[in-house]
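> Model the full structure from these sequences, guided by the hints.
Single-letter residue listing:
Number of protein chains: 2
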Amino acid sequence: MLDERKAAILRTVVKEYIKTAQPVGSGAVAAATTMSVSSATIRNDMAALENEGFLHQPHTSAGRVPTDLGYRYFVDNISEIELPETESIKVVDFFQQIRGELEHLLKDTAGLLSNMTDYAAVVIDHSTDSATVRSFQLVSLAPTVALGVVVLSNGVISKDTVQLQSDVSEADIASISRAVAGCLEGHALTEPGPLRILGEPDLDLLAERVLAAVSGAAGELDHVYVDGAARVASSFDAVDSVQRVLTILEQQLVVVNVMTDVLDRGLRVAIGSETGVEPLEECSVVVAPFQVDGEEVGSIGVLGPTRMNYPQAIAAVAVVSGQLGRRLSEG
Amino acid sequence: MLDERKAAILRTVVKEYIKTAQPVGSGAVAAATTMSVSSATIRNDMAALENEGFLHQPHTSAGRVPTDLGYRYFVDNISEIELPETESIKVVDFFQQIRGELEHLLKDTAGLLSNMTDYAAVVIDHSTDSATVRSFQLVSLAPTVALGVVVLSNGVISKDTVQLQSDVSEADIASISRAVAGCLEGHALTEPGPLRILGEPDLDLLAERVLAAVSGAAGELDHVYVDGAARVASSFDAVDSVQRVLTILEQQLVVVNVMTDVLDRGLRVAIGSETGVEPLEECSVVVAPFQVDGEEVGSIGVLGPTRMNYPQAIAAVAVVSGQLGRRLSEG
DNA sequence: GCTAGCAGTCTATCGAGTCGAGTGCTGAGG
DNA sequence: CCTCAGCACTCGACTCGATAGACTGCTAGC
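Chains as they are written, first to last, in this note's numbering: chain A, -15 to 315; chain B, -15 to 315.
Just so you know, these hints were derived from the structure itself, not from any lab.
There may be inaccurate statements among the hints.
One copy or any two copies: either way a pair holds, since identical chains are not told apart in the list.
Stated by the list, open to error - DMTMM-like cross-link-like pairs, simulated, lysine to aspartate or glutamate; straight-line CA separation at most 20 Å:
no.	residue 1	residue 2
1	Lys(-10)	Asp60
2	Lys74	Glu175
3	Lys91	Asp144
4	Lys91	Asp224
5	Lys91	Asp113
6	Lys(-1)	Glu314
7	Lys3	Glu266
8	Lys91	Glu234
9	Lys(-10)	Glu36
10	Lys74	Glu169
Quick look at the structure:
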């Protein structure tokens, strides 16, 4: 545990470093706080903080830079999480005015969050896991290809093509369609009801395959929306850092894993190596789940440099996730 | 017009610069060619080439760098467009093995192209404009919200939500659904057939609104797939160049405009400012349309630095667009 | 028309020297 | 025991001058 003064010093070092991106010296800390101690005292404490692993000195005669541990202490002790009112109003307005498909809403939410924070933003939606099927239809595309189309209660559509070995008549397709629809409608896609027997072995087999294909496609339904990837570029000064991060951001699977992982560990913020992904060592992630009708159905987050404006990012993520949940609960 | 030797010199300068990213001197040109002239002669020609606008000298006592005009001459006079056989085989294999939805196919095609060239790749699909409707269904989502779902002959789904003023019974939704389906099925989404009159003014009005909404959504169907955006990072050495380019790549509308623009002007390659977009001044674009059954239904392209390996990129784009068209024509 | 040779130009690099920011330590004072 | 002014020290950043090297343009001879 840190005594109060050291904690204050650590806080100011982090804040200053976030602001200036330059190593922070004892003089700068003395100037930036209202503390009535001299820079010499601060120097002693900073040396101690370095020993304890919270700060790092790039070289003698340079100021200090926070370590991941330093940032960690900082975010664990943030008291005031507040967004300037103009910002919160922007968010509320955004969710009041937005109309249209769920997909667009989520994409635009990522855009909003990225805009507010100036980092890359991610929205992950698995509300589809718990949505119920409103309609199912099997549509014949080509002589031996059919497409199963599922409409879910949240307006999302899931589909999967099914290869048919031999020609199947339109009438048979229709009856398979009805049978599968019967066992899906009203249920979650992953938990279909019993499949009504059609009587013809060929068709029953096909119906089962269709059902398996369609409910199997449910796994792909973790929809991911990334926006503002370009913004992370300005946070780094080495081109290859930028490339590493962008490469990760392009792999949506990795992004999803990182975010769910962080949430599973009960964290809201993952700093540097805490992300668990080596190319993100210079990055931090701030996440929050969002809820619809009390149930967690997705998560949103931002990804930026470890030298991130945590209070602002945490506040933005919190407000947006709250408002997004509210908006989605309204339908 | 350039005499043969100057042309050869320009070619080598471009090739060397593409390879090394360093200004190319007369000595390097002499060493890289089989020409039996001395560096002094080459010097004279290079000075002339600079006067004519094909080369640029960053400063006295530096080698020369191609201008956009120099690249233009180079690409206009590329003779052998050939991909190493191993590469072409990779492409053919790729299209033989790939299965599944059109969307995944196109996304993976972008991935393939990016992989081959090491630049960002773009695939634009407007095959949906000419696809015919296989099925239409109106699904009720909430008391006053319904979703029109269109399944097209290429397996693509288009949808649009429709707000209903008042409660509409399930039976009425079904009859609207049938009416709209009747006038859409078998037609292109943009050219529906006549709408069957239901007799009830309220429902007819609603049916028209649904039809308008659904065929209006067709405009959004220009599907764009971008892959390998991260790769462009390594092509530049200034972080803000990277950011400018990435910002453009994130705006799919701009990307589509640039690519269709280039094709409309009858070009296959746009170099630097030829792209018509200011942030892409340091970039070049190589595009090709792809055809299904003889009809152009989309385009693919790569985006990289002006210092691009044009022969390789042009060859890759050509081969991939050809194979993609062939694959899609097979169904 | 070509080219060897040469003088001239400009960059990149290196070392020396200086500046300044910031440190750690010490010793005096509360 | 804590605080702090003072001081010597360290080390990166910047400047300057000199040097080396990469090219060039020009000239004069073949």
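> Take the hints in turn and mark each one as holding or not.
Results of checking the hints against the structure:
Taking CA atoms no more than 20 Å apart as the test, Lys(-10) paired with Asp60 passes inside one copy only; the shortest distance there is 15 Å, against 67 Å between copies. Within a single copy, Lys74 and Glu175 get their C-alpha atoms no closer than 40 Å, and across copies no closer than 40 Å, so neither meets the 20 Å cut-off. Taking the shortest alpha-carbon separations for Lys91 and Asp144, only the inter-copy value of 16 Å comes in at or below 20 Å, while the best intra-copy value is 23 Å. Taking identical chains as interchangeable, the C-alpha atoms of Lys91 and Asp224 are never at most 20 Å apart, the minima being 27 Å within one chain and 25 Å between chains.
In this homomeric assembly, Lys91 and Asp113 come within 20 Å of each other (Cα to Cα) only inside a single copy, at 19 Å, whereas the closest approach across copies is 24 Å. Taking the shortest Cα distances, Lys(-1) and Glu314 never come within 20 Å of each other, neither inside one copy (38 Å) nor across copies (60 Å). Taking the shortest Cα distances, Lys3 and Glu266 sit within 20 Å of each other inside one copy (17 Å), while across copies they are farther apart (31 Å). For the identical chains of this complex, Lys91 and Glu234 are neighbours both inside a copy (15 Å) and across copies (12 Å), given an alpha-carbon limit of 20 Å.
Taking the shortest Cα distances, Lys(-10) and Glu36 sit within 20 Å of each other inside one copy (11 Å), while across copies they are farther apart (67 Å). For the identical chains of this complex, Lys74 and Glu169 are neighbours neither inside a copy (39 Å) nor across copies (43 Å), given an alpha-carbon limit of 20 Å.
In this structure, the earlier hints numbered 2, 4, 6, 10 are contradicted, and the remaining ones agree with it.
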